[in-house]
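Asks: Spelled out, the chains give:
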Amino acid sequence: MIRIENLHVTFNPGTAIETRALRGLDLEIPAGQFVTVIGSNGAGKTTLLNCLTGEVPPTEGRILIDGTDVTLWPATRRSALVARVFQDPLAGTCEALTIEENLALAAARGTRRGLASALHAARRAEFREKISRLGLGLEDRLGDRMGLLSGGQRQAVSLVMATLRPTKILLLDEHTAALDPRMQDFVQRLTRELVEAERLTTLMVTHAMRQALELGGRTVMLHEGRAVLDVADEERAGLGPADLVALFAEVRGQELDSDSLLLS
Amino acid sequence: MNLVAFLGALEIGCVYGLVALGVFLSFRVLNFPDLTVDGSFPLGAAVVATLIVAGADPYLATAVAVLAGAAAGLVTAFLNLRFRILHLLASILTMIALYSVNLRIMGRPNVAIIAEPTVITPFEGLGLAGLYLKPLVAFAVVAIVAALLARFLVSEYGLAMRATGANPRMARAQGIATAQSTYVGMALSNAMVALGGALFAQMNGFADITIGTGTIVVGLAAVIVGEAIFRGGGIVVAVAACLLGSVIYRLAVALALNADFIGLKASDLNLVTALLVTVALILPGARNPLKALLTRGGK
Ligand SMILES: Nc1ncnc2c1ncn2[C@@H]1O[C@H](COP(=O)(O)OP(=O)(O)OP(=O)(O)O)[C@@H](O)[C@H]1O
Ligand SMILES: [Mg+2]
Chain A
-19 MIRIENLHVT FNPGTAIETR ALRGLDLEIP AGQFVTVIGS NGAGKTTLLN CLTGEVPPTE
41 GRILIDGTDV TLWPATRRSA LVARVFQDPL AGTCEALTIE ENLALAAARG TRRGLASALH
101 AARRAEFREK ISRLGLGLED RLGDRMGLLS GGQRQAVSLV MATLRPTKIL LLDEHTAALD
161 PRMQDFVQRL TRELVEAERL TTLMVTHAMR QALELGGRTV MLHEGRAVLD VADEERAGLG
221 PADLVALFAE VRGQELDSDS LLLS
Chain B
103 MNLVAFLGAL EIGCVYGLVA LGVFLSFRVL NFPDLTVDGS FPLGAAVVAT LIVAGADPYL
163 ATAVAVLAGA AAGLVTAFLN LRFRILHLLA SILTMIALYS VNLRIMGRPN VAIIAEPTVI
223 TPFEGLGLAG LYLKPLVAFA VVAIVAALLA RFLVSEYGLA MRATGANPRM ARAQGIATAQ
283 STYVGMALSN AMVALGGALF AQMNGFADIT IGTGTIVVGL AAVIVGEAIF RGGGIVVAVA
343 ACLLGSVIYR LAVALALNAD FIGLKASDLN LVTALLVTVA LILPGARNPL KALLTRGGK
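So the protein sequences, as listed, match chains A and B. The letter at position 9 of the first sequence is residue -11 when you use this note's numbering, and the numbering goes up by one with no holes. In this note's numbering, each residue carries its 1-based index in the second sequence increased by 102.
Where hints are given, some of them may not hold.
[Claimed, not checked] Coverage of chain B stretches by chain A, computed from C-beta distances (three or more under 8 Å per stretch; other residues unrestricted):
| # | region |
| --- | --- |
| 1 | 250 to 259 |
| 2 | 262 to 273 |
[Stated by the list, open to error] Listed next, with one range per pair, are the computed distances between beta-carbon atoms:
| # | chain 1 | residue 1 | chain 2 | residue 2 | range |
| --- | --- | --- | --- | --- | --- |
| 3 | B | A199 | A | A157 | 47 to 55 Å |
| 4 | A | S20 | B | I198 | 50 to 58 Å |
| 5 | A | D49 | B | R206 | 48 to 56 Å |
| 6 | A | S97 | B | I246 | 16 to 24 Å |
| 7 | A | N(-8) | B | V155 | 53 to 61 Å |
| 8 | A | F(-9) | B | F308 | 53 to 61 Å |
| 9 | B | L385 | A | E75 | 18 to 26 Å |
| 10 | A | T91 | B | P224 | 39 to 47 Å |
| 11 | B | R186 | A | S20 | 29 to 37 Å |
| 12 | A | L70 | B | L233 | 50 to 58 Å |
| 13 | A | S97 | B | A242 | 19 to 27 Å |
| 14 | B | A368 | A | S97 | 42 to 50 Å |
Since the hints were made in silico from the structure, they are not lab data. The model shown is predicted, which means the values in this text are computed figures rather than measured ones. Using N, Cα and C, we set each Cβ at its ideal position, and we do this for glycine too.
For reference, chain A alone in the conformation it holds in the complex:
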């Protein structure tokens, strides 16, 4: 379970370029729930994920994972609980290392790394089996450098990497955005299968309204660092992409109204 209480993040405080990326976000996500996160550019979606991974320290507020306050944990310590797939296929893998070396790195996430060989027969067999499930034929190319794979193939491998170790939370940041439509569908299906198989608590950021409604069981809309819409279950099932866009516009419209009130 994730509990986010009154989360604030301010970049460059007190300067001309001060940015209040998160402004008192409250969110509670029960274990095993799959939440899709939408919102316009700069709404604070990536910042929220960065706070959960420990990459960005909150200016105010608390983050609890399964009741433990992890607000002050550094990213390396959080990695035992949190796995992530980046938007940029290049960001989540090491292109200079082979596929199996990347997998081995992920297979040791959050554990002590010693002098034992990183790749051994049992592990290779496990990797082969997991990668063959992708159906991309990559299981015969485990010794290839990661840099040789296409963006979609890399994202697929990144997803496998994220689920190699038992993890509590999976964070996906527009992880299909850089892919062509066919690969997008493939990675989306893979995401659903993996999340269901491992029953992961998942946060997925997306700009695609259809994807936001198709995947998971709850959708949260961020706007200016706060959650402005939170729909789940039946309420959500009744929504179509167009409704979401309309809600979106409504939120921003209210904003305009209040601005004009202020100005008048």
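Start from chain A and add chain B with the ligands according to the hints.
Replies: Same frame as chain A, but now just chain B with the ligands:
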């Protein structure tokens, strides 16, 4: 080229093979352009020569020299990680400081140990002519170090270190303490270079304050030659390539110096090396990650 020149090139190639391994670890594995080696090579020589003259056991003296090199690497890593001083600058600061430190250690610019016992002494009774013995010992040492390094780099910890250099953000997301693996890598790198310096002093019978000049370029040359000859392959091949690159580079230099028609003198070595590295860096399409690293001044 006669036998003496050939064996001499082999010996020096193996000694500088240790430098090449150190440079490989910092530049290629950690992505940390490190010039500390110009100071840690003579540091190894200075420590070992001073201790041997003072009557210490040569093996113990060599071990202390290795530790001193590791400490130098830690200082550079500390300056970079703690105070965010640019890699190159941090390493230049350590290198310059080491010049004074080395003079302090030796008490004078040159310490002779030609008549003292060295790590080679125990093997002299084996009936092998001194001519063959030194290259053999040098090769044995560098081969063992290279094997250990290769084994380290395929371990869980070594793989984490490679990820630290290749993609630090991803490394942290995988729970790798990148600062720690940088410290360890820089210590190992300069420890290997100092071992090279300690071996150099014992093979040649002296330590001198000037022997460090250009060490980094010689190390880079060896890495570049190795990579040019042994393309592709995994990390183990890359480690072996450093060692072979160093030997091949020295043999090529010996050949050039021996060919009278070229008219080169031994003192032209640094110029030739600098030219070689420059050419390697500016050659179009050269598959040379060092190129990206150096021409952009590192990340
Ligand atoms: N490291 C940083 N330093 C300064 N400002 C930042 C930093 N990271 C994000 N910001 C700012 O914080 C705000 C929120 O950014 P964030 O990346 O969270 O948005 P997002 O919702 O992910 O947007 P997008 O849909 O474009 O990815 C933006 O105004 C951004 O410019
Ligand atoms: Mg974003």
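Asks: Hints broken by the structure, by number, lowest first?
Replies: Of the numbered hints given earlier, the structure breaks none, since each of them holds.
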